[in-house]
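A.B. asks: Chain by chain, the residues run as shown.
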Amino acid sequence: MALDVLIVDDSAAIRKILHRVLVQAEVPLGKVHEAGDGKEAFERLKTEKIGLILSDINMPNMDGIEFLTKLKGDDAFKGVPVLMVTTEGSQAKVMQALELGAAGYVKKPFTADQIKEKLTGII
Amino acid sequence: METVTQQDIEKAVSKAAREVFDTMLCLPLEIDASVMRSQIEPETFHGVVALVGVAGSWTGTGHISCSPRFAEKLAGALLMSEYDSVNEEVLDAVAEVANMIIGNVKTIFEERLGPLGLTVPTVIFGRNYQTRSAGVKDWVLVKLHSGGEEMDINFCLMPSRAPQHAHRPELLTA
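Quick mapping for you: the protein sequence lines, in order, are chains A and B.
All letters in the first sequence, in the order written, are residues 1 to 123 by the numbering used here.
All letters in the second sequence, in the order written, are residues 1001 to 1174 by the numbering used here.
Warning: the hint list may mix true and false statements.
If you want the footprint, here are the derived chain B segments under chain A, 3+ residues with CB under 8 Å [said to hold, decoys possible]:
id: 1; stretch: 1087 to 1093
id: 2; stretch: 1143 to 1156
Below, computed lysine-lysine pairings styled on DSS-like, alpha-carbon distance capped at 25 Å [claimed, not checked]:
id: 3; chain 1: A; residue 1: K39; chain 2: A; residue 2: K78
id: 4; chain 1: A; residue 1: K49; chain 2: A; residue 2: K72
id: 5; chain 1: A; residue 1: K107; chain 2: B; residue 2: K1137
id: 6; chain 1: A; residue 1: K31; chain 2: A; residue 2: K116
id: 7; chain 1: B; residue 1: K1011; chain 2: A; residue 2: K107
id: 8; chain 1: B; residue 1: K1011; chain 2: B; residue 2: K1143
Since the hints were derived computationally from the structure, they do not count as laboratory data.
All figures in this text were calculated on a predicted structure; none of them were measured in a lab.
The beta-carbon is built from N, C-alpha and C at its ideal position, and this holds for glycine as well.
Isolated chain A (complex conformation) (with noise of 0.2 Å):
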């Protein structure tokens, strides 16, 4: 079943790679939405269903962790599966992201098996 994903970003390269990346691993594709922070992100999600996000820290207007916060306190969205795709490589800002419900945490730079290996474990 085609899933549709939501990049958030604020590199439109960033976004460009991980678009490539999803298609080089096989991610049955459905539509690829993107975002440039947490708050626009936010606003797609109540548009479009969305059934796995890759998502930055560093944004401005909305961080990826004010994002990931009020994403899982929201039962509307709460199931939709989260990686966490950022230069945050402390190990507090995983922890961080992984206690408040991200699938996953890659940190850039990252290769694209990387990736793949990651999203097999979430979708």
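Model the placement of chain B on the given structure of chain A, informed by the hints.
C.D. replies: For chain B alone, coordinates are given in the frame of chain A:
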């Protein structure tokens, strides 16, 4: 009190740059030994600069600069496309390369210095400009070479609490 030496910064920047070049760019990389200097680019510059700030109990700035041609090459490697001018995608790619390198340097220092924050990258492209940071005395320059092109990574890091090291934002002079 923790100290951060020129060698510590050189080691962290080199490790982070190598990881980004090997993993995301797949470009060859040679790294020169670092040098300490008091100002960045005292002469006017033509090219692309990306700035990323680090903040917390220690404060710093990462400053990455390269020629327009190398910026196009970096973007091409990152996005698997070809570029013959510095457009929005090229600037975004250079910003992301800076974000990954400086972000990883930050993570390396967090193990010793505690939690540090990272600013969203700022990228500048132009001719005949200088960058200057009024409060910074010591920049560590690490020079990278890749396929005949050069990239400079300048990084400074100092304790936030010492008033004599108060950090001011980058100033640009045309």
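A.B. asks: Hint numbers the structure violates, sorted upward?
C.D. replies: 2, 5
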